[in-house]
Amino acid sequence: GQNIDQPTEMTATEGAIVQINCTYQTSGFNGLFWYQQHAGEAPTFLSYNVLDGLEEKGRFSSFLSRSKGYSYLLLKELQMKDSASYLCAVRDNTGGFKTIFGAGTRLFVKA
Amino acid sequence: EAGVAQSPRYKIIEKRQSVAFWCNPISGHATLYWYQQILGQGPKLLIQFQNNGVVDDSQLPKDRFSAERLKGVDSTLKIQPAKLEDSAVYLCASSPSTGQTEAFFGQGTRLTVV
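Here the protein sequences line up with chains A and B, keeping their order. Those letters in the first sequence? Residues 14 to 124, by the numbering used here. Those letters in the second sequence? Residues 145 to 258, by the numbering used here.
Treat the hints as calculated values from the structure; they're not laboratory data. A portion of the hints provided could be inaccurate.
Simulated coverage check for chain B against chain A, where a stretch passes if three residues somewhere in it have a Cβ under 8 Å from a Cβ of chain A [as the list claims (entries may be wrong)]:
{"no.": "1", "segment": "159-171"}
{"no.": "2", "segment": "190-200"}
{"no.": "3", "segment": "248-258"}
These figures come from a predicted structure and were not determined experimentally. Glycine is no exception: its CB is placed at the ideal position from the N, C-alpha and C atoms.
Could you put together the complete structure from these sequences and hints?
Here it is as structure tokens:
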């Protein structure tokens with residue numbers, strides 16, 4: 014089976030940096046996604062990691078350590094519009110590729 | 145490029161009634177997913193199709209939920225009969241394949257069972 018853990022809520026200040034952690038357990042790991050979801054909207058893709066290391070994309074970076082079952086999403090220069098839920102999702106290839114989502118971390122950015 | 149289309153956007157029904165949701169994926173996308181997202185939780189995979197075949201439906205409550213993807217394009221998800229705990233947003237997503245590609249989500253159908 015799969016198990017994905019991430020903090021329920023985080024609060025950060027506009028202009029600051031925030032790191033959202035995700036730990037996972039899965040038998041057939043085949044990559045990890047981060048999605049952003051604003052309230053009442055659909056999730057949108059942010060990043061994908063399949064190899065260890067850091068992937069940078071503008072203000073957002075994502076890190077993966079497969080041996081530790083650990084990932085984080087780093088958001089720099091926070092803006093008010095970054096207030097949203099951030100979903101960690103693991104692709105598992107046991108019995109066919111499936112993407113399983115964590116419960117999400119609600120990020121509140123304050124002025 | 146048109147996105148994933150879902151209808152209706154909102155639906156309110158009484159418990160024990162039936163309801164159906166429709167999804168039109170992005171053209172050419174072979175993989176289609178139905179997720180259930182209860183308020184405050186992450187999306188839960190209900191069923192995944194590859195073309196018109198089912199890849200995974202292990203979390204689909206088959207006594208009341210059914211889904212089909214005729215001709216490997218559009219899909220419908222049905223609930224019969226609905227329960228109060230089925231109140232959720234039902235998200236449809238598609239991707240070019242089951243390989244290492246992200247999923248594109250529709251706006252979802254918000255179902256309220258009263």
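Against the structure, the hints come out as follows:
Coverage of a stretch by a chain is defined here by at least three residues with a beta carbon nearer than 8 Å to that chain's beta carbons; for the segment 159-171 of chain B and chain A the count is 0, and the condition is violated. For the segment 190-200 of chain B, the stated coverage by chain A is satisfied: 4 residues place a CB nearer than 8 Å to a CB of that chain, which reaches the threshold of 3. For the segment 248-258 of chain B, the stated coverage by chain A is satisfied: 5 residues place a CB nearer than 8 Å to a CB of that chain, which reaches the threshold of 3.
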